[in-house]
Amino acid sequence: SAVISQKPSRDICQRGTSLTIQCQVDSQVTMMFWYRQQPGQSLTLIATANQGSEATYESGFVIDKFPISRPNLTFSTLTVSNMSPEDSSIYLCSVLGQGITDTQYFGPGTRLTVL
Amino acid sequence: EDKVVQSPLSLVVHEGDTVTLNCSYEVTNFRSLLWYKQEKKAPTFLFMLTSSGIEKKSGRLSSILDKKELFSILNITATQTGDSAVYLCAVVGSQGNLIFGKGTKLSVKP
Chain S
1 SAVISQKPSR DICQRGTSLT IQCQVDSQVT MMFWYRQQPG QSLTLIATAN QGSEATYESG
61 FVIDKFPISR PNLTFSTLTV SNMSPEDSSI YLCSVLGQGI TDTQYFGPGT RLTVL
Chain X
1 EDKVVQSPLS LVVHEGDTVT LNCSYEVTNF RSLLWYKQEK KAPTFLFMLT SSGIEKKSGR
61 LSSILDKKEL FSILNITATQ TGDSAVYLCA VVGSQGNLIF GKGTKLSVKP
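These protein sequences, in sequence, are chains S and X.
So the first sequence is numbered by the working numbering: it starts at 1 and just counts up by one.
So the second sequence is numbered by the working numbering: it starts at 1 and just counts up by one.
Hints are computed from structural coordinates only; laboratory data are not their basis.
Don't take every hint at face value.
[To be verified] One-sided and incomplete, this derived list gives chain S residues near chain X with beta-carbon spacing under 8 Å: (1) Gly16; (2) Thr17; (3) Leu19; (4) Thr48; (5) Thr79; (6) Leu92; (7) Gln98; (8) Asp102; (9) Phe106; (10) Gly107.
Glycine is no exception: its CB is placed at the ideal position from the N, C-alpha and C atoms.
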C-alpha cells in the first residue's frame, strides 16, 4: 500500500479563518479522496480529486467552502474556508491501492478544532 | 439511496472473548465491501470482500460476505485489549466512492 502523510496532524483555529491541509503520497496515484469525520460520526466523503481536472464534490459540500488542489499525481490540498465550530472534525485523505482494487488507504488524518 | 448499517454500535467484552460484528448494506451495483479498524484518527484496512461465502482470514480476525442476504460479519477470536477500536464497514458506491457505516465501538477489558 502507498505511504500517505498529512500536514498538519492537528490544529486549533479561530472562527472565520481558513486552514489548508496537505496530503502527500509516496507514489503516483490517479484518484485521491478527501473525507471528513465529525465527532462521534462515521466518515463522509467530501470530494474526489483527480489530477488535471476539477474536484468532484459530494452533495452538501461546495468548492467555495472546501477548495481542493491537485497539482500532480502525488500531492493534494484541502482548504477549509471561513471556518466555524461545526467544521471541527478529523479530515482524512485516501488513495486507492495498487492494481485493480477498490481498497482505499488512508492518511494519518488532521484533527481540526475550531473555536 | 446507498446505505450501510452496522450493529451493534458498541460492545464491551473481556479478554479472550469472541465477538461478531455485523454489517448490512443496500447499494446499487455492488462491487465490494471493506472492513477497517480505526484506533485514533486513520482507519487501517483489514479486508476487502467481493465474493459470497469465501472467508478472509488474518490471524484472529476473519470476515465473510453474503451477497444474497446483503450482509457481512467480522469475527475476532480470543480478543485482546489491543483490539479495542472502532470497526468500520464500507461498501463501494456506484461512483467508486466508499460509503461507510457508523461503526462498532469495541472495548476489550482486561
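Here's how the hints hold up against the structure:
no. : hint   : verdict
1   : Gly16  : violated (25 Å)
2   : Thr17  : violated (22 Å)
3   : Leu19  : violated (16 Å)
4   : Thr48  : holds (7 Å)
5   : Thr79  : violated (19 Å)
6   : Leu92  : holds (6 Å)
7   : Gln98  : violated (13 Å)
8   : Asp102 : holds (5 Å)
9   : Phe106 : holds (5 Å)
10  : Gly107 : holds (6 Å)
Hint compliance for this structure: hints 1, 2, 3, 5 and 7 are not met, and every other hint is.
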